[in-house]
Amino acid sequence: MTEKYEGNAVAIGILALQGAFAEHQTALQKLSLTRKIEVILVRTVEDLDRCDALIIPGGESTTIALLARLSGVLQPLRDFVLKKPVWGTCAGAILLSQTVEGAKKGGQELLGGMSISIARNGWGSQVESFEADLDVAGLRDAERPFTGIFIRAPVVLTLAPSPDDPPIEVVARLSSDLLPEGFTSEDSANDPKTFVALRQGRHLLTTFHPELTQDNRFHDYFVRVCVFPATQ
Amino acid sequence: MSTPAATTPAATTPSVQTPPVLQGAGTTNAPSTAPSRSAQREAGNSLGTFGVKSGLAQMLKGGVIMDVINAEQARIAEEAGACAVMALERVPADIRAEGGVARMSDPSMIKQIVDAVTIPVMAKVRIGHFVEAQILQSIGVDYIDESEVLTPADEEHHINKHNFKVPFVCGARNLGEALRRISEGAAFIRTKGEAGTGNVVEAVRHERAINSEIRRASVMNEEELYAFAKEIQAPFHLLKETARLKRLPVVNFAAGGIATPADAALMMQLGCDGVFVGSGIFHSGDPAKRARAIVQAVTHYNNPKILAEVSEDLGAAMVGLTIDSNLKGGKLAKRGW
Numbered sequence: 001m002t003e004k005y006e007g008n009a010v011a012i013g014i015l016a017l018q019g020a021f022a023e024h025q026t027a028l029q030k031l032s033l034t035r036k037i038e039v040i041l042v043r044t045v046e047d048l049d050r051c052d053a054l055i056i057p058g059g060e061s062t063t064i065a066l067l068a069r070l071s072g073v074l075q076p077l078r079d080f081v082l083k084k085p086v087w088g089t090c091a092g093a094i095l096l097s098q099t100v101e102g103a104k105k106g107g108q109e110l111l112g113g114m115s116i117s118i119a120r121n122g123w124g125s126q127v128e129s130f131e132a133d134l135d136v137a138g139l140r141d142a143e144r145p146f147t148g149i150f151i152r153a154p155v156v157l158t159l160a161p162s163p164d165d166p167p168i169e170v171v172a173r174l175s176s177d178l179l180p181e182g183f184t185s186e187d188s189a190n191d192p193k194t195f196v197a198l199r200q201g202r203h204l205l206t207t208f209h210p211e212l213t214q215d216n217r218f219h220d221y222f223v224r225v226c227v228f229p230a231t232q
Numbered sequence: 001m002s003t004p005a006a007t008t009p010a011a012t013t014p015s016v017q018t019p020p021v022l023q024g025a026g027t028t029n030a031p032s033t034a035p036s037r038s039a040q041r042e043a044g045n046s047l048g049t050f051g052v053k054s055g056l057a058q059m060l061k062g063g064v065i066m067d068v069i070n071a072e073q074a075r076i077a078e079e080a081g082a083c084a085v086m087a088l089e090r091v092p093a094d095i096r097a098e099g100g101v102a103r104m105s106d107p108s109m110i111k112q113i114v115d116a117v118t119i120p121v122m123a124k125v126r127i128g129h130f131v132e133a134q135i136l137q138s139i140g141v142d143y144i145d146e147s148e149v150l151t152p153a154d155e156e157h158h159i160n161k162h163n164f165k166v167p168f169v170c171g172a173r174n175l176g177e178a179l180r181r182i183s184e185g186a187a188f189i190r191t192k193g194e195a196g197t198g199n200v201v202e203a204v205r206h207e208r209a210i211n212s213e214i215r216r217a218s219v220m221n222e223e224e225l226y227a228f229a230k231e232i233q234a235p236f237h238l239l240k241e242t243a244r245l246k247r248l249p250v251v252n253f254a255a256g257g258i259a260t261p262a263d264a265a266l267m268m269q270l271g272c273d274g275v276f277v278g279s280g281i282f283h284s285g286d287p288a289k290r291a292r293a294i295v296q297a298v299t300h301y302n303n304p305k306i307l308a309e310v311s312e313d314l315g316a317a318m319v320g321l322t323i324d325s326n327l328k329g330g331k332l333a334k335r336g337w
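So the sequences go chain by chain: A and B. So the first sequence is numbered by our numbering: it starts at 1 and just counts up by one. So the second sequence is numbered by our numbering: it starts at 1 and just counts up by one.
These are computed hints drawn from the structure, not numbers from a lab. Check the hints yourself; a few may be wrong.
[What the hints assert, rightly or not] Derived BS3-like pairs: lysine-lysine, alpha-carbon spacing no greater than 30 Å straight-line:
#1 A:193 <-> A:83
#2 B:289 <-> A:105
#3 A:36 <-> B:246
#4 A:104 <-> B:289
#5 A:30 <-> B:240
#6 B:111 <-> B:289
None of the values given here were measured: they were computed from a predicted structure.
Chain B on its own, in the form it takes in the complex (with noise of 0.2 Å):
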C-alpha cells in the first residue's frame, strides 16, 4: 500500500531538537484536513510526521497487539510474539462486569510495562480527553487508542490528534467513521468490534462494513463520490483517496472479541492487516501459549493446515457473551460520534 503524501518532495534538513510544547489543546489552529506531511515541514520540524505515525502502524501489520494489565503480562505477551502491547489497568471483560467509569491508567504502572519490554507500548486515553493524551505523550507511550472501551469524556467531539506527535489508532464501525477519525489525524483504524465479550460477530460486522463501503466508492465517478460523501458523512478529498486505493488510507486491523487463533486468521482473510487481542489471552486457561498460536495464525492465515496445528490443545478459551440488549455494560461500540 501506499503512504499518502510520500511524494512530497523533501524540504530542509529538520532540526530534532525542538522543545517540547503543549499540544492537544482543542483551541490551536491545527490543519483541519487529513495527513499533510508539508504543512508540518513548514513548521520547522520533522518529528511526529504523518509519515512516521502511519509508518510505524506499517510496520505493526502481520502482528498481534495485545492487551497487558503489568509487566509480567507484557514480558509473556513479547515472548509470544506480540508486535506491541496495550498498557491498561482492566481489560475490557472487567471494566464489563466491574462497571463505573473507566479511564486512563496510572501512568507508573505504565512506565512499568515500557521499561519491561523492547516491542512498542500503545495505551488508552478517553474519547475527546484531550489531557488524558498530552499525558500519555508527555511519558512517552508509542500509540494512544482514543477508546469507546473507556467511558467518553465529550460526547460530541473527538480528540485533535494532528497536533501530536504521538500517533493514534481509533475505533470505527464504517468507512465514515474511520474517514472521520483519519480526518482528525488518527494515523491507524482498528474495528471497534464488541470488547469484552470474546464474540467475533461485531468485528466481523463492522470489518464487512467498510469493505462493502469501499467496493461500492471504487467505482463511483466523482459527483456519485461528492453524494456518497455526504451520505457517510466523510471528507470528500479521504473518500476519493480511498476509492483510488480500493482500501483505507491507513493501516486497519481488526479489534473488538478476537478470542481464538480461527478469529484471528478470519479477520485477516476479511482484509484486516492485524488484529488486537484483548481480553481474550489473559481471560483463556493458557494464556501464552494461545497468544502464540495467534500470532502464528496471524502470519498463515491463509494456510488451514498450519491453523489447525497451532489450534490444538489451547486449554479454556475465554467464555465469552451474546450480544444483545441484556449484555453486561451495554453496547461500547456506540460510544463515538
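So that you can see chain A by itself, here it is in the shape it has in the complex (with noise of 0.2 Å):
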C-alpha cells in the first residue's frame, strides 16, 4: 500500500479533550491524499509531541482551556502553535486568537497563534444559530458553495498583525446582512466582523463547523495549503 504515497506519513493531531473531535476524524480519515496521513486523538503531552499538525475543534472554550490545564498540555500547546501548522473551529479559533471578548468572568486562557481579536458568543444565544452558504475560494470545485454551520459563533472584531508576523488571508466571509444586529458597519466589504475564515502563514481559522458536514473540502484545504508545505 505505502508505495501508493509520496513521502512520510503526516500525523495529524485532534486535541480530543471535549467537543466534536470526532466528526473531525471522521472527515480526515475520507480524504484522499496524495500522501498518507495518521490521525492521532491528542489527550497528554504524549500524544501531542507525536503530531505535526493540529485540529483544535469546537465545543466549550473554557471547557478545553480547563482540561488542557489540569491535563498538563495548556504549556505544550502554546509551544505547539508557535512551530506547526494549527487549524481552530469555533472554539477552538477562540482559542488560537490574542484576545478575547465576552469571555467568562476572570477572563479565560488562550493558546495564541493568530493576530487578532474575537468576540464569543457574537450572535447571541442558540437561538440566534444559523446555516449560511459560503463562497469559498481556495476550496476544491470553488464554484460549489460550502454550508456553514454556525453555533454560538465567535465573531472576528479585528486582525491585528505585527509586521513580523505572516500575513492574513480572508478565506471567507458572510454576507454582512447575516451580521448581527449592531454590528453592521459602513464599509461591510472590509469589516472584519464578515470575516468567518481566515488563514495566517500554517494556521487556519474557522468560525463555523465544516465537521458538522459531509463535505470535506476545508479538511482537504487545511492539508494541502497548511499542513503539507510545512512538514516536506
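Got two chains here, separate frames each, mind docking them using the hints?
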C-alpha cells in the first residue's frame, strides 16, 4: 500500500479533551490525498509530541482550556502553535486568538497563534444559530458553495498583525446582511466581522463547523495548504 | 458520527431577520417526520435548522452538564469545566424530598444564570407543556429539557419539538422511546436513569437497553426491521438510519443517578457521549472539587490511572437512595410515553 503515497506519513492530531473531535476524525479519514496521513486523538503531552499538525475542534472553549491545563498540555500547546500548523474551529478559533471579548468572569486562557481579537457568542444564544452558504475561492470545486454551520459562533473583531507576523488571508466571508444586529458597518466589504475563515501562515481559523457537514473540502484545504507545505 | 440530512444541498441565502412567530402550539402542521433540514430551508429560514440544533449537542460531547439553582452555583460549575448548565429551582433530590408539583423555573432566575456564565444554559419544562417551552425560548435559553423530573402536564402527548427554533433534549429508557422523541424533533437524547437518587443503576439499565437494541437492529434485514419497528413502536425510517449508523442518529448523554467520577466514566465506557450530573454535585461535601473531578473523568474515561487520581479526597458523595417500591417520590423514569 505504501508505494501509493509520496514521502513519510504526516501525523495530524485532533485535540480530544471535549467537543466534536470525532467528527473531525471522520472527515480526515475520508480525504483522498497524495501523502499518507495518520490521525491522532490528543489527550496528553505524549500524544501531542507525535503530531506534525493539530486541529482544535468545536466545543466549549472554557472547558477545553481548563482540561488542557489540568492535563498538563496547555503550555505544550502554546509551544506547538509557535512551530506547527494548527486549525481551530469555533471554540478552537477562540483559543487560537490573541485576545477575546465576552470571556467568562475572571477571563479565560488562550493559546494565541493568530493576530486577531474575537468575540465569543457574537450572535447571541442558540436560537440565533444559523446556516449560511459561503463562496470559498480556495477550495476544491470552488464554484460549489460551502454550507457554513454557525453555532453560538464567535465573531472576528479586528486583525492586528505586527510587521513580523505573516499576513492574514481572508479565506471566507459572510454576507454582511447576516451579521448580528448592531454589528453592521458602513464599509461592510472590509469589515472583519464578516470574516469567517482566516489563514495566517500555516494556521487556519473558521468560526463555523465544517466537521458537521459531509463536505470535507475545508479539511482538504487545511491539509493541502497548511500542513503538507510545512512537513516536507 | 454523521449529522442526519447533512448532505442536503444548500439552498438560497437565508435571512436571519425573520420576525418571531409563536411556536409550538399543538395544532400547527409541522413536519411529523424526523429531521428535515431542507423543509425548514423552504420556509425561508436557516435559523433553528436540525443541523444547528443537533450541532450544539455535538459541541457538548465529552462534557458534563451540571444542575444549578442559582448564579453562584452556575459560576462554580463554569469554573469547574462544565460544558453547559441546567438551570432549575430545585434539584431532583429536593423535588423527591419535598414532593408537590414541580414546574418550569422562574424566568428571572434563569435569566440571572444566563447573565452569569458564557457556557450554554439549559432549562426544564414539563412533559407536554409547550407554553413553558415557548416562554423559555423567548428568554433565550440555549436548550430545553422536556423532563420527567418535573410533573407531567400531558399524559399522552409530548411537545412537538419541530415547531421550535430552540433545540430539545429528552430522556429515554430504550431505543423505541429514544426514536419516538427524535421523531417529535428532539435533537439530543439522554438516558432517564433515576434522577435524584445518586444511584447509577437505572442509567446503566437504560444505556445497556439502547445499545443492545441497536446491536440487534444493526444485523437485521429490511423485513426484520419493519417488524422490529412495530415491536419497539419506533418510526421505521429512524430505526433504519440507527441500524445503518450503529448508534443513535443524535448525541446520547447519560443522566439520572451519576454521583462520582467512576460513575461518569462507567457511562462513557458504555458508549455515552457525555453526562448530566444533577443532584450529585451540589448535594456533595465539596461541589467544586467533585465537579472538576467528574469533568476530568469524562475526558479521560479510558485511563484508570487518571480516574484514580481525580477520585481521591473528594469528600462525601451524596448519600443516595436504593431504588425499590418504597422510593420516596416514586420512579420518575416511568413518566413519558
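Go through the numbered hints given earlier and state which of them the structure violates, listing their numbers in rising order. none
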